[in-house]
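Asker: So you can see what is in the structure, the chains are spelled out below.
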Amino acid sequence: MTPLLSVEGVSKFYGSRIGCKDVSFDLFPGEVMGIVGESGSGKSTLLNCLAGHLVPDQGTVGFDTRTDGLRDTVTMSEPERRMLSRTDWAFVHQHARDGLRMNVSAGGNVGERLMAVGARHYGDIRAQATDWLGRVEISADRIDDRPSAFSGGMQQRLQIARNLVTGPRLVFMDEPTGGLDVSVQARLLDLLRGLVREMGLSAIIVTHDLAVVRLLADRLMVMKDGHVVETGLTDQVLDDPQHGYTQLLVSSVLQV
Amino acid sequence: MKMSDYNFAYLDEQTKRMIRRAILKGLAIPGYQVPFASREMPMPYGWGTGGVQVSAAVMVPEDTLKVIDQGADDTTNAVSIRRFFEKTAGVAVTEHTDQANVIQTRHRIPEQDLTEGQILVYQVPIPEPLRFLEPSEVETRKMHSLEEYGLMHVKLYEDIAQHGAIATAYAYPVRVEGRYVMDPSPIPKFDNPKLTMAGIQLFGAGREQRIYALPPYTDVVSLDFEDFPFEASKADHACGLCGAIDSYLDELIVDDQGARMFMCSDTDYCAGRQEETAA
Chain A
1 MTPLLSVEGV SKFYGSRIGC KDVSFDLFPG EVMGIVGESG SGKSTLLNCL AGHLVPDQGT
61 VGFDTRTDGL RDTVTMSEPE RRMLSRTDWA FVHQHARDGL RMNVSAGGNV GERLMAVGAR
121 HYGDIRAQAT DWLGRVEISA DRIDDRPSAF SGGMQQRLQI ARNLVTGPRL VFMDEPTGGL
181 DVSVQARLLD LLRGLVREMG LSAIIVTHDL AVVRLLADRL MVMKDGHVVE TGLTDQVLDD
241 PQHGYTQLLV SSVLQV
Chain B
1 MKMSDYNFAY LDEQTKRMIR RAILKGLAIP GYQVPFASRE MPMPYGWGTG GVQVSAAVMV
61 PEDTLKVIDQ GADDTTNAVS IRRFFEKTAG VAVTEHTDQA NVIQTRHRIP EQDLTEGQIL
121 VYQVPIPEPL RFLEPSEVET RKMHSLEEYG LMHVKLYEDI AQHGAIATAY AYPVRVEGRY
181 VMDPSPIPKF DNPKLTMAGI QLFGAGREQR IYALPPYTDV VSLDFEDFPF EASKADHACG
241 LCGAIDSYLD ELIVDDQGAR MFMCSDTDYC AGRQEETAA
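Respectively, the protein sequence lines represent chains A and B.
Under my numbering, the first residue of the first sequence carries the number 1, and numbering increases by one thereafter.
Under my numbering, the first residue of the second sequence carries the number 1, and numbering increases by one thereafter.
Bear in mind the hints are in silico, worked out from the structure with no lab data behind them.
Errors might be hidden in some of the hints.
[Stated by the list, open to error] In silico DMTMM-like pairs for lysine to aspartate or glutamate, Cα to Cα no more than 20 Å straight-line: (1) LYS25(B) to GLU208(B); (2) LYS155(B) to ASP145(A); (3) LYS224(A) to ASP239(A); (4) LYS142(B) to GLU78(A); (5) LYS142(B) to GLU80(A); (6) LYS25(B) to GLU226(B); (7) LYS224(A) to GLU175(A); (8) LYS155(B) to ASP239(A); (9) LYS155(B) to GLU226(B); (10) LYS155(B) to GLU128(B); (11) LYS224(A) to ASP57(A); (12) LYS155(B) to ASP144(A).
If you're wondering where the values come from, they're calculated on a predicted model, not measured in any experiment.
With the sequences and hints as input, model every part of the structure.
Answerer: Spelled out as structure tokens, the structure:
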């Protein structure tokens, strides 16, 4: 089976400081991988390198494109990479306002990706937008409201709808539940889990919340100071942590 | 100050060469915004500093100049720019579209079709069609270079979602030769079909320091949706002065009781038709 994403020795330095160093892994279709670690451990740097927002200093990020098979997205031309990020990739930001156009209605936000890949029929675009708002549990009569009139949880769900409307194969999520209260988090996680299973998405989820990866991720990668210190199946890593830092991380979770 | 104290058409020759180079590049890449070193002109930004510089750069002493503002030859902006060139270039001026070689315009295309050899110079306030959707200049340039124009349709989508139709009535975005998306300056969308014409069209934005151009017979398509096609709309009336039903109309309130009157915005076109009727 060919991996959807094949990461080889990716390193990113900020001057002499390490962002992330020598990260390698394969992600297979339909698989969800979690990256956990404390603040400043290089999770987001790694994610941005994978999603093409940052250029890694070393290493390759191979993506199994629909037309040409495995291609290195680091050396790929910019138009191709941007095309990928509009079609086969999705990026869910921690703060919904980074991923949304706040002065464009919810329908326009969802429709933007469709129009970016050439949809030119208003009725079809609107129908798809309505359908997707329904899937993320936003009622259809809010379609012409701006995201600024939405609650934080709704904004985050809108951002997810906007990203998934073109049927991507790989979703990057940077702390998708950060800043939401626990009941809203739970609903969002439920929704995400449903969508991931239903659409057969592959996803990379960066988070510091172990509960999120327990629910969503098949595999786990633990990062500390820019290095990967432990990898394995989620339950295995969380239930039987080997590395000292992972043990600390798991034992730091507050029990209610 | 004596007339001879000015160089021909106010700008010095080096500046005119610089502007001509930008114009030539613009003509070579229709719809592409060419940056140029816009000069301070003896008028405020927003009064047509870009158009004036372009006009000055293309003008020769034998030219006849016409200046219109919203279609009219007799409004403040038109009169002052016309007098500016009478004074600094000593060129002949006219109010007749067919007698002019260079026509500088603000917000309209003359009703009468332009012929080969005529140059239409537009005053452009904001040359970037994507500006109000994407504030970053770096990003908009990248979008132009990679032909990522989906965002332009988001604006039209918003129009339909809010108003039930594409409500953008002026500065209606167009696609030039299937490549660049261009802001045709704030002309009414009624004028958009006329952008494919026999004359040369030059667009000058002084404050924003951009020049762009359309060579004769360039293919210019107004953006739209399949189920909401572009419509060149105008007020559904006839001109109250000349009776024209095919020209773009201004609405005027003519007394204290709020009586309204529609009349051609192109004063030369209207006057010509009235003369014909009288004769």
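Asker: Each hint: holds or not?
Answerer: Going down the list of hints, with the structure as the test:
1. LYS25(B) to GLU208(B): holds (17 Å)
2. LYS155(B) to ASP145(A): Holds, at about 15 Å.
3. LYS224(A) to ASP239(A): holds (19 Å)
4. LYS142(B) to GLU78(A): holds (10 Å)
5. LYS142(B) to GLU80(A): Holds. LYS142(B) to GLU80(A) sits at ~13 Å (cutoff 20 Å).
6. LYS25(B) to GLU226(B): Given that 20 Å is the threshold and the Cα spacing comes to 33 Å, the pair is violated.
7. LYS224(A) to GLU175(A): holds (17 Å)
8. LYS155(B) to ASP239(A): Answer violated: LYS155(B) to ASP239(A) is near 51 Å, above 20 Å.
9. LYS155(B) to GLU226(B): Distance of about 15 Å is within 20 Å: holds.
10. LYS155(B) to GLU128(B): Status holds; Cα separation ~14 Å.
11. LYS224(A) to ASP57(A): holds (19 Å)
12. LYS155(B) to ASP144(A): holds (13 Å)
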